[in-house]
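Peer 1: Residues per chain are reported as follows:
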Amino acid sequence: MQEEILVLKKISKYFPGIKALDEVDFKIRAGEVHALVGENGAGKSTLVKILTGIYQPTLGSIYLNNKPITFPSPLYSQKAGISAIHQEAAMFPELSVVENIFMGHHIKRSEKGLLDWAKMKKETKELLDRLEMDIDVDIPVKNLSVAQRHMVEIAKALSMEARIVIMDEPTSALTLKEVEYLYRIIRKLRAQGRAIIFISHKFEEVFEIAEHYTVLRDGRLIGEGEIKETSPEEIIKMVAGRTLDKMFPKVEAKRGQIVLKVEGLSKSGVFKDISFELHEGEVLGFFGLVGAGRSEVMQTIFGIEAKEEGKIYINGKEVDIRNPHMAMTQGLAYIPEDRQLQGAILDMTIQDNITLPIIDKIGRFVFLNQPKEWEITEKYAKDIDIKASTWKQLVLSLSGGNQQKVVLAKWLATVPQILIMDEPTKGIDVGTKVAVHKIMSELANKGIAIILVSSELPEIMGMSDRIIVMHEGIITNSFDKEEANTEKIIKAATGSYQNNNLNIASNKE
Amino acid sequence: MNFIKRREFTLFILIIILILLITLRAPRFFTFSNFKDILDDTAILFMVTFAQMLVILTAGIDLSVASNIAFSGMSVALLNQHHPEVPIFVILLLSIMIGFIFGSFNGLLVAYGNIPPIITTLGTMSIYRGLVFVLSKGTWVSAHEMTDSFRYFPRVNILGISLLLIISFMVIIIFYIFLYYTRTGREIYGVGGNITAAQYVGINLKKIKYLVFALCGGICGLSGFLWVARYASAQSDSAIGFELQTVAACVIGGASITGGSGSVPGVFLGALFLGIIKNALPVIQVSPFWQMFIQGFIIIVAVIINTLMSQRSQQLIMKKREL
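Top to bottom, those sequences are chains Z and V. Take 1 as the starting number for the first sequence in the numbering used here and just add one per residue. Take 1 as the starting number for the second sequence in the numbering used here and just add one per residue.
No wet-lab data here; the hints were simulated from the structure. One or more hints might be untrue.
What the hints assert, rightly or not - When the alpha-carbon atoms are kept at most 30 Å apart in a straight line, the in silico DSSO-like pairs for lysine-lysine are as follows:
1) K27(Z) with K188(Z)
2) K119(Z) with K278(V)
3) K142(Z) with K36(V)
4) K206(V) with K108(Z)
5) K137(V) with K108(Z)
6) K206(V) with K19(Z)
7) K112(Z) with K206(V)
8) K137(V) with K121(Z)
9) K311(Z) with K19(Z)
10) K79(Z) with K207(V)
11) K108(Z) with K122(Z)
12) K112(Z) with K207(V)
13) K121(Z) with K36(V)
14) K237(Z) with K379(Z)
15) K142(Z) with K206(V)
As the list claims (entries may be wrong) - Some chain V residues flagged as far from chain Z (calculated, every beta-carbon gap over 12 Å):
16) N34
17) V171
18) T184
19) V191
20) V201
21) S261
Stated by the list, open to error - A partial selection of chain Z residues facing chain V, derived with a Cβ cut-off under 10 Å:
22) L95
23) S110
24) K261
25) E263
26) G264
27) K361
We put the beta carbon where it would ideally sit given N, CA and C, even for glycine.
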């Protein structure tokens, strides 16, 4: 067994009114993949921020190779060999791949000299070679796919000779094949003796890749140990602090008449000839790999993107939806994937957020109807269990998971006839996931037609009455709940899939 | 990088078209000496536009540049008037220093006082301009009150090129090297591109934010001296409205007002474009009453064309990637 390379002893981090971390111990050995698990708000991000020098711990000490150390700024943490691959938002979209890798530690020609771009380019190419990736190093990162961006982040960690690599939900936006590839890279890094802190909500992943785990809940250390000596059930129990209800509490709903019909919807270069029908009380799952064009189809139906060809019928009538407002008056609601960016207004209260889309319906003339607003907020916020001291609390002050619930509540409050949910449970913790699934099932039972776009196969299979599979902008197959199985769906989703973005040469190893 | 190059290319074509259109009406526009005049006229705009670009790259804006120019210009003009014995290089350094101090003040307020750049410089724009009036008591320093070496400094001719233009181009070259070949230069792009990411990679955000304003101020100081010397008069309302021209030149040149993008060649072309319009309108006998209107109109059209073109090439890239 290897030496412990990094040890955290009784680390606490207090924010006004909150103990984000409360005497947490954490240790990791070289050449180990260590899973850090917990619900949203459990303190994982705080721990990562302390390790990367963004936050300073209130109490406690950190030891690197048995020597006490502090990280007053990210620079110190980097110099100590710790590098984090953040979930998102940690790149420079306008700058090139080379630049993104070397920002903060550009190579100079001499100590006081100018930057050596040729050398940086060369090293970037070598790094990407090691990651079996073949992309133009001069293009801006915004033109890369999510998976490619992750690889660039990993390359950056390698360029800094990181001995401890933190990966914060690295797979959340990756396709199955890309995840496989990422695993291979992680194993490679491990074999080189690097320590990897792996943060994920998906327990399958944790059991696939990690040797060791640490579970946090409400800022406290709940458990840690060897993966091989535990089971997913046990970990889920630790994470949630209770045994969970069924993950997919879907009940059979009565299938009514067709409410939405899409015919030959096309947009050049994005999707082609999309046709389907959606019934009352039905959950229609849309599965596909990231980039299959599912979200784009939904955004076109909802009027965010202009359609080029095709017809949309709602309740048998052809409609021409040109903007989201028109879509909403037709009884459509669309919960976008990137909820934090597109969903909630952080500076407003929970109540104001939830009643925003329906404000003119419940008001009296031009005045607000506060009691009614409170009542509606109470109903939906309680339904999906938003944790807050009052509905007048600012959304800003809620944890990430609860912010997402606010957005969900907001759209539910519009009482839509057709509800499109784009990755509704991406990046949220198990408890909230089950709550969302439950709500979904109840809504369907009330006769609402639901489109569920998800990249999580268990969710699609567990929640949908029918499943449509897309691949590169085309519907490749569709299944009824009974006839669907993993193999068939994956086959349809990958089909003749050739990933031309990320050169995953699976035969290299 | 491909698409940024395209954007500069579009602007380049626009400039050529502009020149051709003007030449159709006024053939004498298309002469070597006229172009040299335009460059001379635009020399200060070039420098200050790049100073502005530094700030804009970090998603900021400096509205106080014109007031800064007026103050540093007035200071050295008064010094020259009352102490003609002070050598010119001292005046030059002093002017830069005054501008640098004013810029630093902006930088301190923004970086350490956490006041948004637009508010900070809106305030200091008035403060600095007010100080010009206080300093000059509303009077002018006119040509005959300046020494010859002061007045002729920008006009010193080296191999047929004015010293003003040489200084301006040196500033541009230094800028280019600074922005592309030094860590600090790249970190300026980083801070504007994604401030969170910049923090994560350990860039000192406060230092960068301070620095861009201080450097911007330094260049304004240099320009202040050159301005009063070139126009051979220091007035309390010198350079009024000039800050907006520098912002316009940056935007035409493709610098993103939200920070993080903008290239030296692009911004150079942006300033050149503006310089040509300013010089051409009188030449083609546009009524002075209409000149400002047309200037503004052309700026908007140029920005729209430029944005549309870059969006299109961006879409092409996305399409190529998706399928």
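Peer 1: Please go over all the hints and tell whether each is borne out by the structure.
Peer 2: We went through each hint and held it up to the structure:
1. For the suggested pair K27(Z) and K188(Z), the alpha carbons sit about 21 Å apart, so the restraint of at most 30 Å is met.
2. Simply put, K119(Z) and K278(V) have alpha-carbon atoms about 44 Å apart, too far for the 30 Å limit, and the pair is violated.
3. A threshold of 30 Å between alpha carbons decides the hint, and for K142(Z) with K36(V) the separation of about 40 Å lies outside it, so the pair is violated.
4. Under the criterion of a C-alpha separation no larger than 30 Å, the hint pairing K206(V) with K108(Z) is consistent with the structure, at around 23 Å.
5. Among the hinted pairs, K137(V) with K108(Z) is inconsistent with the structure: their alpha-carbon atoms are about 51 Å apart, more than 30 Å.
6. Only pairs whose Cα atoms come within 30 Å are accepted, and K206(V) paired with K19(Z) is accepted, the gap being roughly 28 Å.
7. As the CA atoms of K112(Z) and K206(V) are separated by approximately 22 Å, the hinted pair is consistent with the 30 Å bound.
8. Restraint check: the Cα-Cα separation between K137(V) and K121(Z) comes to about 57 Å, which exceeds 30 Å; the hinted pair is violated.
9. The hinted pair formed by K311(Z) and K19(Z) fails the criterion: a straight-line CA distance of about 54 Å is larger than 30 Å.
10. Distance hint between K79(Z) and K207(V) is fulfilled; the C-alpha atoms sit about 20 Å from each other, no more than 30 Å.
11. Straight-line distance between C-alpha atoms of K108(Z) and K122(Z) comes to about 14 Å, which keeps the hinted pair within the 30 Å bound.
12. Taking the CA atoms of K112(Z) and K207(V), the gap is near 19 Å; set against the 30 Å cutoff, the hint holds.
13. Restraint check: the Cα-Cα separation between K121(Z) and K36(V) comes to about 39 Å, which exceeds 30 Å; the hinted pair is violated.
14. Only pairs whose Cα atoms come within 30 Å are accepted, and K237(Z) paired with K379(Z) is accepted, the gap being roughly 29 Å.
15. Our distance criterion of 30 Å between C-alpha atoms is met by K142(Z) and K206(V), whose separation comes to about 26 Å.
16. Non-interface status of N34(V) relative to chain Z is upheld: no Cβ of that chain comes within 12 Å, the nearest being about 37 Å off.
17. The non-interface label for V171(V) is consistent with chain Z: the shortest C-beta to C-beta separation is roughly 18 Å, beyond 12 Å.
18. The claim that T184(V) is not at the interface with chain Z is violated, since a C-beta of that chain comes within 12 Å of its own (minimum 10 Å).
19. Once the 12 Å rule is applied to beta carbons, V191(V) is inconsistent with being away from chain Z; the minimum gap is 10 Å.
20. Chain Z draws V201(V) into its interface by the beta-carbon criterion, the shortest separation being 3 Å against a cut-off of 12 Å.
21. Against the 12 Å criterion, S261(V) falls within the reach of chain Z, whose nearest CB is about 4 Å from its own CB.
22. The interface hint given for L95(Z) holds, since its Cβ lies 6 Å from the closest Cβ of chain V, which is under the 10 Å cut-off.
23. Nearest Cβ of chain V to the Cβ of S110(Z): about 12 Å, over the 10 Å cut. The hint is violated.
24. For K261(Z), the interface hint is violated, since its Cβ never comes within 10 Å of a Cβ in chain V; the closest pair sits about 26 Å apart.
25. Hint status for E263(Z) relative to chain V: violated, with the closest Cβ pair at about 22 Å, above 10 Å.
26. For the restraint placing G264(Z) at the interface with chain V, the shortest Cβ-Cβ distance is roughly 18 Å, beyond the 10 Å limit, so the hint is violated.
27. For K361(Z), the shortest C-beta to C-beta distance to chain V is roughly 35 Å, which exceeds 10 Å, and the interface hint is violated.
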